[in-house]
Amino acid sequence: MSLLSARSDSFVPSRFLKNQFFAISMGAVFTAVILITWPKIGSWLLSANFLPHAYCYLKNPVLVWTHVIADSLIAISIFAISLTLGHLGYKGRRDIPFHWMFLAFGLFILGCGGTHLVEGITVWVPVYVLAAAVKLFTAAVSLTTAAVLPFTVPHVFELIQLARATEQETAELRASEERKDALLQEVHHRVKNNLAVICSLFYLESIHSRHEDTAETFRDMENRVHSMALVHESLYGAENLARIDFAEYARSLAEDILASHGSPSVPVRLKTELEPVTMGADLAIPCGLILNELVSNAFKHGFPEGTEGEIKLTLRSDTGGRYTLCVQDSGVGIPTGLDFKTNQSLGLKLVRLLTQQIRGSFELVRSDPGTVAHLHFEVNQNAY
Amino acid sequence: MRTDPISTEPRALIVEDEALIAEELRERLSRLGITVIAAVSSGEEGVEIATRERPDLVLMDIRLSGAKDGVQAAKEIREQVDVPIVYLTAHSDRRTVERAHETEHDGFILKPFLKGELQSTIDVALRRYAIRVKEKSQ
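Going down the list, the sequences are from chains A and B.
Just so you know, we're using the working numbering here: the first sequence kicks off at 1 and counts up by one.
Just so you know, we're using the working numbering here: the second sequence kicks off at 1001 and counts up by one.
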């Protein structure tokens, strides 16, 4: 049984009790209205053919004023309390269980306040019939409240039990969430470890290759898998284990590519201007692979024979959740006549395929100096 | 038997439970002029060989398959032998780093390895150790 259904079944008192309470309350209000509006009854109510209470106090000023001030303060406080209860009962009628009980207490306290107010008046004006009517009204309301209140006790206990059950369920859900996070973290760890093993295989193949071209191919493959492993490294450290800080990832990846291709003596600097954005692995992995190709190409083809230069990596947001990733180098520039849309090198082919996969667009143009590559793509803020 | 880690060919011990990763490390280290005296897969073996052979460098995976993980093994080694220890880890997140900081160590190397990073981390670890030894002898 769900918590919601339990609440709807258990915490609304029986229609009979509610009807009974409202009938008596409405009767009391109706009687009060009739008594006040009917002139004869009204004048009878307000008849003052008695001795005021001040005589009972022998008009002792200290005693008289003590009674008047105390009754007035009690009446003011009680009216304020009843107003608050009435407001609470009305505003919380959809959310607070037994909201009608707040209204009942409000009405009861209102009657009590009325009796104190009239007590204060009768010190000088002996409207004892009015005082009796107010007491009668208070008696009717308090009797109704007292009669209905015991019936709510079982429901109050059910409410307490439900609150405890909810607390327990919340704790269980939290524990389950923590277990799920730990499991997911373990998955990312194992995936990254397996990718590290694949990198080792490529490395071992590359050093055992007899031909430099073959060795180069294995080194490229190692770098591609490394770029994927870095996504899992970022996911492992990410707070929600699902979306990564792409700016940080792109910076690490570019630094790693330069570290793996170059040596401290090769003077190619990396400059980054990256706007922060988070994205899921589905987008980060293809973007990382594209970035790997672009930075590797810039390094390998832009700066032949260890020439000095700079590779600049930029990520900026455009409109509508779209982003542009630029890789610009100050190298020798792409050969004249190179058409990246038809070029058959594996690197550019991967860029074309992966751009298509992320529904993005890609441009590769000569700049002065060097080459600039633009990748435009959309980041879904909710995707994982 | 200890050698001077900087002036001669240093001797390293690898503690890594993934055989292929250990083999890659062996190859990469040999290209850096470092002799690998052994590559073992458990923390227990690591402690035994490190205390017996006294290498110039220990490369220690943090997550090991046996009962003893890399941090425990490193702690035991450091209690018996003064040797630079460089951790190998798939992750550099806060929890892993905090765990590693439970022992005195000389660096981290993230898997998969990068040529430049591996070389610079090992170089720094060996030089730090050499300075430590020199300070002790003075």
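Possibly wrong hints are sitting among the right ones.
Chain A stretches covered by chain B per the calculated footprint, using a threshold of three residues with CB under 8 Å from any CB of chain B [said to hold, decoys possible]:
no.	segment
1	194-205
2	223-235
Listed below are the simulated DSSO-like cross-link pairs for lysine-lysine, each with C-alpha atoms no more than 27 Å apart in a straight line [said to hold, decoys possible]:
no.	chain 1	residue 1	chain 2	residue 2
3	B	K1115	A	K271
4	B	K1075	B	K1136
5	A	K40	A	K180
6	B	K1115	A	K300
7	A	K180	B	K1068
8	B	K1115	A	K312
Note that these hints are calculated values from the structure, not bench results.
Note that CB positions come from ideal geometry on N, CA and C, so glycine has one too.
Hint by hint, here is what the structure shows:
For the segment 194-205 of chain A, the stated coverage by chain B is satisfied: 8 residues place a CB nearer than 8 Å to a CB of that chain, which reaches the threshold of 3. Chain B is given as covering the segment 223-235 of chain A, and this holds because 4 residues of the stretch bring a CB closer than 8 Å to a CB of that chain, at least three being needed. Restraint check for B/K1115 and A/K271: the C-alpha separation of about 21 Å stays at or below 27 Å, so the hint holds. Restraint check for B/K1075 and B/K1136: satisfied, since their Cα atoms lie roughly 21 Å apart, inside the 27 Å limit.
Proximity of A/K40 to A/K180 is assessed by CA-CA distance (about 78 Å); at most 27 Å being required, the pair is judged violated. Only pairs whose Cα atoms come within 27 Å are accepted, and B/K1115 paired with A/K300 is accepted, the gap being roughly 16 Å. With a C-alpha separation of about 25 Å, the suggested pairing of A/K180 with B/K1068 holds against the 27 Å cut-off. Proposed proximity of B/K1115 and A/K312 is supported: the alpha carbons are some 22 Å apart, at most 27 Å.
Checked against the numbered hints given earlier, the structure breaks only hint 5 and satisfies all the rest.
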